[in-house]
Amino acid sequence: MESLTPVQQELYDWLVQYIETTHHAPSIRQMMRAMNLRSSAPVQSRLEYLRKKGYLEWTEGQARTIRILHHKSKGMAILGEILAGGLVETYTDEKEKLDLSQMFQQTDCYALRVVGDGMIEEHIRAGDMVILRPLMAGDVLPNGEIVVAKVEGYGTMLKRFYQAEDRVLLKPTNANSESIEVMDYRVEIKGILVGIWRSYL
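For the sequence shown, my numbering gives the first residue as 3, with consecutive numbering after it.
Quick caveat, the hints were computed from the structure, so don't treat them as lab data.
Misleading hints may appear alongside valid ones.
[As the list claims (entries may be wrong)] Here are the computed lysine-lysine pairs in the PhoX-like style, where the Cα-Cα straight-line distance is at most 25 angstroms:
1. Lys152 x Lys173
2. Lys192 x Lys173
3. Lys192 x Lys152
The whole structure should be built from the sequences, with the hints applied where relevant.
See below:
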């Protein structure tokens, strides 16, 4: 998406917060007050640019119909590095931003909650949410990818994928779980792992 100017970003951020809080769009006058403007022209100009750049839309001729199309996250600050056993450097200054929006804004991605500990050695635990991308036409699936596979006679599972000629091996990373090896026509790849979400709240 095309980047925003500072004044466009200011209005966009305010609109996102307002609509998320109130569940309806504001009036032009409310936007004027929020942006400290005396005329509606600058607000209308910024709204037009936000629409042209694909950030929002509205229904012509109807008031308060603004809809947010893409909530562009500012990301969270990356402040430094840390070892499991101790600090590498003091984290006081922001180094860069961790932007998760690209992963979560992909409309074709979906999430599944993990049950069981078959992938525990990949640090994927029961209760984690795995974020998956469907296999697209023309994609080549490399050996070793973590996938969700639907296997005829076995069901759907999260495992590492390996293929040799016409045979597919689906392998867990827990020594107590069994691998499955079948003919490739019995396997349908439902998604490729692109991320893991774990909440400690």
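Quick rundown of the hints versus the structure:
1. Using a Cα cut-off of 25 angstroms, the hinted pair Lys152 and Lys173 holds, with the two alpha carbons roughly 13 angstroms apart.
2. For the proposed pair Lys192 and Lys173, the alpha carbon gap of about 16 angstroms is at most 25 angstroms, so the pair holds.
3. Straight-line distance between C-alpha atoms of Lys192 and Lys152 comes to about 7 angstroms, which keeps the hinted pair within the 25 angstroms bound.
Taken one by one, the earlier hints all hold for this structure without exception.
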